[in-house]
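> So in the numbering used here, spot 58 of the sequence shown is number 58, and the numbers just go up one at a time.
Think of the hints as simulated: they come from the structure by calculation, not from any bench.
For every residue, glycine included, the Cβ atom is placed at its ideal position computed from N, Cα and C.
Hints are not guaranteed to be accurate.
[Said to hold, decoys possible] Here are the simulated distance ranges between beta carbons: (1) V38 to P17: 40 to 50 Å; (2) E8 to V71: 43 to 53 Å; (3) E75 to S51: 15 to 25 Å; (4) S51 to S22: 13 to 23 Å; (5) E8 to D78: 46 to 56 Å; (6) E20 to D78: 34 to 44 Å; (7) A13 to T69: 38 to 48 Å; (8) Q23 to E81: 11 to 21 Å; (9) S51 to G19: 16 to 26 Å; (10) E81 to P17: 43 to 53 Å; (11) E81 to A2: 37 to 47 Å; (12) T24 to D78: 19 to 29 Å; (13) E75 to A13: 43 to 53 Å.
[Stated by the list, open to error] Under the rule of at most 20 Å between Cα atoms (straight-line distance), these lysine to any residue pairs were calculated in the SDA-like manner: (14) K43 to E54; (15) K26 to D37; (16) K26 to L47.
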Amino acid sequence: MATIEIDEEVYEALQVPDGERSQTMKEELAVSLYARDVLSFGKARALAELSTREFQALLGEREIPRHYTEVELAEDLDYAE
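Please construct the entire structure, taking both the sequences and the accompanying hints into account.
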């Protein structure tokens with residue numbers, strides 16, 4: 001496990017209730033890295049500690065398109081048959 005150090009003043013300045021700060025930071029980092037194509041969907045979802053459905057909903061709320069390749073589509077279609 002890696003740790004990210006955030007200045008206490010910055011952390012306290014977050015406009016998020018104290019009990020939600022850590023989870024919010026994980027979600028924000030995960031969404032940002034996924035949107036920039038730095039992390040895959042699965043790894044970003046794991047970082048955010050959300051289920052597949054929850055992370056998809058979060059991306060939808062942020063209007064971040066899902067990175068979905070033709071290979072993934074073909075695999076999904078094969079699976080659906």
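> Could you run down the list of hints and mark each one as holding or not?
Now the hints, each set against the structure:
no.: 1; hint: V38 to P17: 40 to 50 Å; result: 28 Å, violated
no.: 2; hint: E8 to V71: 43 to 53 Å; result: 45 Å, holds
no.: 3; hint: E75 to S51: 15 to 25 Å; result: 20 Å, holds
no.: 4; hint: S51 to S22: 13 to 23 Å; result: 18 Å, holds
no.: 5; hint: E8 to D78: 46 to 56 Å; result: 51 Å, holds
no.: 6; hint: E20 to D78: 34 to 44 Å; result: 40 Å, holds
no.: 7; hint: A13 to T69: 38 to 48 Å; result: 39 Å, holds
no.: 8; hint: Q23 to E81: 11 to 21 Å; result: 38 Å, violated
no.: 9; hint: S51 to G19: 16 to 26 Å; result: 20 Å, holds
no.: 10; hint: E81 to P17: 43 to 53 Å; result: 47 Å, holds
no.: 11; hint: E81 to A2: 37 to 47 Å; result: 41 Å, holds
no.: 12; hint: T24 to D78: 19 to 29 Å; result: 38 Å, violated
no.: 13; hint: E75 to A13: 43 to 53 Å; result: 44 Å, holds
no.: 14; hint: K43 to E54; result: 14 Å, holds
no.: 15; hint: K26 to D37; result: 16 Å, holds
no.: 16; hint: K26 to L47; result: 6 Å, holds
Violation of the numbered hints given earlier is confined to hints 1, 8, 12; the remaining hints are satisfied by the structure.
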